[in-house]
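Peer 1: For the protein sequence lines, the chains are Y and V, in the order given. Mind the numbering: the first sequence is residues 3 to 119 in our numbering, read in order. Mind the numbering: the second sequence is residues 21 to 138 in our numbering, read in order.
Because the hints were derived from the structure by calculation, they are not lab data. Heads up, a few of these hints could be off.
Said to hold, decoys possible - Pair ranges (Cβ atoms, derived):
| # | chain 1 | residue 1 | chain 2 | residue 2 | range |
| --- | --- | --- | --- | --- | --- |
| 1 | Y | Leu70 | V | Ala101 | 44 to 54 angstroms |
| 2 | Y | Thr19 | V | Ser32 | 24 to 34 angstroms |
| 3 | Y | Asn72 | V | Thr98 | 41 to 51 angstroms |
| 4 | V | Val33 | Y | Ser56 | 40 to 50 angstroms |
| 5 | Y | Lys68 | V | Glu37 | 16 to 26 angstroms |
To be verified - Mimicking BS3-like on lysine-lysine, the simulated pairs with C-alpha atoms at most 27 angstroms apart in a straight line are:
| # | chain 1 | residue 1 | chain 2 | residue 2 |
| --- | --- | --- | --- | --- |
| 6 | Y | Lys57 | V | Lys58 |
| 7 | V | Lys36 | V | Lys58 |
| 8 | V | Lys58 | V | Lys125 |
| 9 | Y | Lys68 | Y | Lys16 |
| 10 | V | Lys90 | Y | Lys66 |
| 11 | Y | Lys16 | Y | Lys66 |
| 12 | V | Lys58 | V | Lys90 |
| 13 | Y | Lys57 | V | Lys90 |
| 14 | V | Lys125 | V | Lys36 |
| 15 | Y | Lys43 | Y | Lys22 |
| 16 | Y | Lys43 | V | Lys58 |
| 17 | Y | Lys68 | V | Lys36 |
| 18 | V | Lys125 | Y | Lys22 |
| 19 | V | Lys36 | Y | Lys57 |
| 20 | V | Lys36 | Y | Lys43 |
| 21 | V | Lys58 | V | Lys23 |
| 22 | Y | Lys68 | Y | Lys43 |
| 23 | V | Lys36 | Y | Lys66 |
| 24 | Y | Lys22 | Y | Lys66 |
| 25 | Y | Lys43 | Y | Lys57 |
| 26 | V | Lys23 | V | Lys125 |
| 27 | Y | Lys22 | Y | Lys68 |
| 28 | Y | Lys68 | Y | Lys57 |
| 29 | Y | Lys22 | Y | Lys57 |
| 30 | Y | Lys16 | Y | Lys43 |
Yeah, the Cβ is synthetic: ideal placement off N, Cα and C, and Gly gets one too.
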Amino acid sequence: GAVVSQHPSWVICKSGTSVKIECRSLDFQATTMFWYRQFPKQSLMLMATSNEGSKATYEQGVEKDKFLINHASLTLSTLTVTSAHPEDSSFYICSARGLGLGIDEQFFGPGTRLTVL
Amino acid sequence: AQKVTQAQTEISVVEKEDVTLDCVYETRDTTYYLFWYKQPPSGELVFLIRRNSFDEQNEISGRYSWNFQKSTSSFNFTITASQVVDSAVYFCALSERRYGGATNKLIFGTGTLLAVQP
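Chain V on its own, in the form it takes in the complex (with noise of 0.2 angstroms):
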């Protein structure tokens, strides 16, 4: 079955300080997407990067970066010199491919809340 944990349930860093938020998933699938999502307190869900099975290439993104281990199993995401508006709750989710025109679901991690002190 598939499942997203994410073991971290609130992180607390000072500003400026690198942070890095861990995600381990579980799939039967050799064909998969996975999602970093953040959700400010606005509840807005604001979408990060998505990443398929087949592309272990790091990606970087300004002050964010993610690095997928298939060996592992895990889609982590690293935010350089936090600053205080990346306050936010953050998903990770993966999606199964499926075929014959069957719905692709999203199964999200539970999250991690990060605060970013001042």
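For reference, chain Y alone in the conformation it holds in the complex (with noise of 0.2 angstroms):
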């Protein structure tokens, strides 16, 4: 079945600094890849939507300046937390959709748990 990465899983940083997740498709090619935010006990909530080689799409209320989204390769997407501060706190999921696949599915990864002291 189609896998999903992220990398790390888990991140504590001090306020102020940025912090880099990576989000890889192993065995296909991700034409567009998701980034979810989830705090605890609440639902998943999308951030932005990235095309593979074109700037990503964010969604309302999202800070484009803060998320940095690359997606420069059929199988690697990374997100950016620049400037993290405690309220970055919070898990953060990504998704993708790949050449070949159904229009409709999503792989989602792991999940990496970001916490900002």
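Fit chain to chain and form the complex, with the hints in mind.
Peer 2: What follows is the structure, encoded as structure tokens:
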């Protein structure tokens, strides 16, 4: 089956630092990747959608300068949380949709838990 | 606008009981997909089922079954003879079909926390 990995699985950082999270499709080419954020005991909220080789499309209310998304290859997308603050602490999940796969199929990564001190 | 409502925030049952998780959705589109995902304490989303809007047949997979009622915009999920390992948060989600290369987005409900007691 289609596998998506995320790295790191968890990260703790100091306020003001930047954190990069990687999302990789391991056995398929991901034309589109999605980034979600999930606060404790809440639902997944879509942050942005990125298509390989083009700029990400951000959802309303998500600061594009704070959450930098790069989808430079068909197997890798990165989310960089710049100048992280405690309120950015959350569970970040990526998903990917790929060439030759169902148009509505999204395969989810295992998530990255970010804690900002 | 798209919306997914899971009115049950938490359900607690005793092992071997049957339990039904409700999902009601809103969409203006005639073509869409509905999903159920399980999120155990580890956090990883586990895909359970995908159903397209033209297929109203109910589905059974082992102890799991799904009831899709287009007339009431509901897509309910039943676990028969629940087990402790079923304890998790369950999310219902909706994806509208887009044409012309536009990207389909998944809209998630707020989730139902299922606790199965031994």
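Peer 1: List in ascending order the numbers of the hints, as given earlier, that are violated by the structure.
Peer 2: As far as the earlier hints go, 2, 5, 6, 10, 13, 14, 17, 19, 23 and 25 are violated by this structure, in ascending order.
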